[in-house]
Amino acid sequence: MKIKPLTVLAASVFCLANSAFAQANAGKEALYVKSLAATCANCHGTNGKSVDGSTVPSLAGLGKAYHIAQMTAFKNGTRPATIMHQLSKGYSDAQIETLATYFAAQKK
Amino acid sequence: MTKTLQSSRRSFLQSSAALSLLGAAGLSGCASMSGVPSKAKVVVIGGGYGGATAAKYVRLLSDYKIDVVLIEPQAAFVSCPMSNLVVSGVKKIDYLTTSYVGLSKNHGITVVKDFADNIDTAKKTVTLRGGSVIAYDKLVVSPGVDLMFGGVEGLQAANASGQILQAWKAGAETVALRKQLEAMPDGGVFAITIPEAPYRCPPGPYERASVVAGYFKTAKPRSKVLILDANPDVTSKGALFKKVWADQYKGMVEYRPQHKAVAVDARTNTVKFDVQNDVKAAVLNVIPSMRAGAIAVKAGLNNQANNRWCGVNYLTFESTAAKDVHVLGDSIQVAPAMPKSGHMANSHGKVAASAIVAQLAGWDVNPAPMLTNTCYSFVDEKNVVHVASVHEYVAAEKTFKTVAGSGGLSAAPSELEGVYALNWASNIWADSLT
Numbered sequence: 001m002k003i004k005p006l007t008v009l010a011a012s013v014f015c016l017a018n019s020a021f022a023q024a025n026a027g028k029e030a031l032y033v034k035s036l037a038a039t040c041a042n043c044h045g046t047n048g049k050s051v052d053g054s055t056v057p058s059l060a061g062l063g064k065a066y067h068i069a070q071m072t073a074f075k076n077g078t079r080p081a082t083i084m085h086q087l088s089k090g091y092s093d094a095q096i097e098t099l100a101t102y103f104a105a106q107k108k
Numbered sequence: 001m002t003k004t005l006q007s008s009r010r011s012f013l014q015s016s017a018a019l020s021l022l023g024a025a026g027l028s029g030c031a032s033m034s035g036v037p038s039k040a041k042v043v044v045i046g047g048g049y050g051g052a053t054a055a056k057y058v059r060l061l062s063d064y065k066i067d068v069v070l071i072e073p074q075a076a077f078v079s080c081p082m083s084n085l086v087v088s089g090v091k092k093i094d095y096l097t098t099s100y101v102g103l104s105k106n107h108g109i110t111v112v113k114d115f116a117d118n119i120d121t122a123k124k125t126v127t128l129r130g131g132s133v134i135a136y137d138k139l140v141v142s143p144g145v146d147l148m149f150g151g152v153e154g155l156q157a158a159n160a161s162g163q164i165l166q167a168w169k170a171g172a173e174t175v176a177l178r179k180q181l182e183a184m185p186d187g188g189v190f191a192i193t194i195p196e197a198p199y200r201c202p203p204g205p206y207e208r209a210s211v212v213a214g215y216f217k218t219a220k221p222r223s224k225v226l227i228l229d230a231n232p233d234v235t236s237k238g239a240l241f242k243k244v245w246a247d248q249y250k251g252m253v254e255y256r257p258q259h260k261a262v263a264v265d266a267r268t269n270t271v272k273f274d275v276q277n278d279v280k281a282a283v284l285n286v287i288p289s290m291r292a293g294a295i296a297v298k299a300g301l302n303n304q305a306n307n308r309w310c311g312v313n314y315l316t317f318e319s320t321a322a323k324d325v326h327v328l329g330d331s332i333q334v335a336p337a338m339p340k341s342g343h344m345a346n347s348h349g350k351v352a353a354s355a356i357v358a359q360l361a362g363w364d365v366n367p368a369p370m371l372t373n374t375c376y377s378f379v380d381e382k383n384v385v386h387v388a389s390v391h392e393y394v395a396a397e398k399t400f401k402t403v404a405g406s407g408g409l410s411a412a413p414s415e416l417e418g419v420y421a422l423n424w425a426s427n428i429w430a431d432s433l434t
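For the record, the sequence lines run as chains A and B. Mapping the first sequence onto our numbering, position 1 (from 1) lands on 1, and the numbers just tick up by one. Mapping the second sequence onto our numbering, position 203 (from 1) lands on 203, and the numbers just tick up by one.
Since the hints were derived computationally from the structure, they do not count as laboratory data. There may be inaccurate statements among the hints.
What the hints assert, rightly or not - Below are the DSS-like pairs computed for lysine-lysine, each with C-alpha atoms no more than 30 Å apart in a straight line:
1) Lys34(A) with Lys260(B)
2) Lys179(B) with Lys28(A)
3) Lys272(B) with Lys260(B)
4) Lys179(B) with Lys34(A)
5) Lys220(B) with Lys75(A)
6) Lys220(B) with Lys280(B)
7) Lys280(B) with Lys34(A)
8) Lys179(B) with Lys124(B)
9) Lys272(B) with Lys34(A)
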């Protein structure tokens with residue numbers, strides 16, 4: 001089959017546009033995730049890194065399953081807390097999974 | 001990811017270094033003689049909890065691609081949260097103070113120590129008192145509150161002379177109020193007046209009354225604390241504070257609602273009310289009513305509540321009065337159950353930063369932003385109570401509402417929460433400023 005140069009050009013333009021779109025979309029989604037994670041940073045530190053010696057634990061590098069289990073325990077009252085039993089109830093299970101995935105990928 | 005961040009930051013810093021070399025050689029008109037850039041993608045007015053956080057998070061969320069100029073007249077940040085511990089003598093003012101160096105050194109933000117004198121929302125420029133003009137693509141206005149001294153006759157002069165303090169904006173007055181309390185003889189009365197809500201930090205005055213009572217209890221046990229509240233009842237953590245006053249400070253703290261201060265007499269150190277009898281005190285702490293910071297008013301952003309506060313689109317914190325201007329923190333007309341607090345201002349800063357990064361990239365903004373608030377109050381040297389909430393954006397109503405079933409108060413004061421309160425402070429200061 002003979003491929004016309006114009007088809008190749010059209011195809012590569014389409015691919016470029018498509019990958020640019022995918023990149024923009026990935027950038028946008030990553031921004032939303034970081035924005036959600038930033039709601040934890042006031043107390044747990046920027047990107048989940050608490051200041052040295054803090055009694056508020058760092059979230060960065062926490063195992064995903066462990067993080068989800070703790071948040072669930074705060075939510076259903078099986079892990080007692082001073083404040084996290086109240087704050088955890090503000091986040092849906094899907095949001096908690098997103099947060100746990102994000103913080104697990106952050107450097108300790 | 002950290003590597004990419006660092007390398008993109010390095011190349012940004014290198015390219016800015018190259019640009020400033022060009023500027024120094026006179027080939028570029030971008031930098032003025034004063035070193036203040038003549039334009040920036042994002043300009044932030046005000047380096048408090050809202051503005052500092054917005055500046056830092058625009059840098060973080062844009063992978064250090066968007067340049068940010070922060071305009072702040074003060075040499076360093078002084079925190080209002082925890083400042084009552086300076087009033088009660090537990091901490092020194094240094095404890096509240098954080099340098100802005102972290103924002104420039106760690107995040108490449110240009111921090112300009114100057115006062116924003118004027119905003120031209122049509123030309124999209126900010127004029128500084130020093131004379132520099134900075135053009136912006138996006139502007140963040142986070143000036144905090146202005147104290148309306150005019151609402152209490154005689155207060156302006158009595159405050160200027162250093163006699164009747166507000167100590168509500170932390171700084172020199174915080175230290176001065178501490179000195180007045182130290183100089184007060186045992187048996188004296190400390191009276192604090194509270195303006196009608198909304199004002200900055202709803203539980204703050206009650207915390208101040210409690211920790212001063214804690215100081216009196218050990219140092220000046222015959223003294224009294226008188227709370228004169230313009231509101232019909234304690235505006236925050238009411239049951240918790242009232243129990244503390246009854247249990248820990250019986251006979252020492254007296255709470256009087258419906259006391260709206262209208263005048264002071266500096267000669268006799270007396271405060272007058274609209275209806276109730278005058279009160280004379282050894283130390284008078286008069287907290288005036290508040291409104292959006294002066295620069296927001298000057299720019300005409302104060303379009304809510306009889307021109308006291310600034311209306312915003314809560315999805316982005318963009319002003320409803322001017323395009324590409326985002327207003328944060330204590331200056332805004334709040335959504336339901338949204339307190340004017342440092343923690344909340346930090347949260348506003350992040351939502352606005354995310355929206356600004358998205359808008360400058362041509363993306364849809366996050367359709368479901370979230371906010372948190374955590375507010376700790378000391379009731380004595382060590383014991384603390386909190387109120388906490390989580391807020392979600394409700395698209396159908398175009399506002400933030402607390403998530404049903406979330407948030408709440410402490411059951412009772414505890415030392416454990418005292419430890420957490422101090423750690424909250426160190427983490428939020430780092431999150432906002434370093």
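Decide if the proposed pair is consistent with the structure: Lys179(B) and Lys28(A), CA atoms, cutoff 30 Å inclusive.
-> Distance ~52 Å between Lys179(B) and Lys28(A) Cα, so the pair is violated.
Going straight from one Cα to the other, do Lys34(A) and Lys260(B) come out at no more than 30 Å?
-> Roughly 45 Å separates the two Cα atoms, so the pair is violated.
Compare the distance between the alpha carbons of Lys179(B) and Lys124(B) with 30 Å, and conclude whether the hinted pair is satisfied.
-> violated, 45 Å
Pairwise hint evaluation, Lys34(A) against Lys280(B), where the allowed Cα distance is 30 Å at most | Violated. Lys280(B) to Lys34(A) sits at ~53 Å, over the 30 Å cutoff.
Is it true that the CA of Lys220(B) sits at most 30 Å from the CA of Lys280(B)?
-> holds, 19 Å
30 Å Cα cutoff - pair Lys220(B), Lys75(A) | violated, 45 Å
Does Lys260(B) lie within 30 Å of Lys272(B) when you go C-alpha to C-alpha?
-> holds, 8 Å
Below or equal to 30 Å on CA atoms is what counts here, so check Lys179(B) against Lys34(A).
-> Between Lys179(B) and Lys34(A) the Cα gap is close to 45 Å, so the pair fails against 30 Å, i.e. violated.
Given the hint that Lys272(B) pairs with Lys34(A), does the C-alpha gap stay at or below 30 Å?
-> violated, 51 Å
Hints 1, 2, 4, 5, 7, 8, 9 from the earlier list are contradicted by this structure; the remaining hints agree with it.
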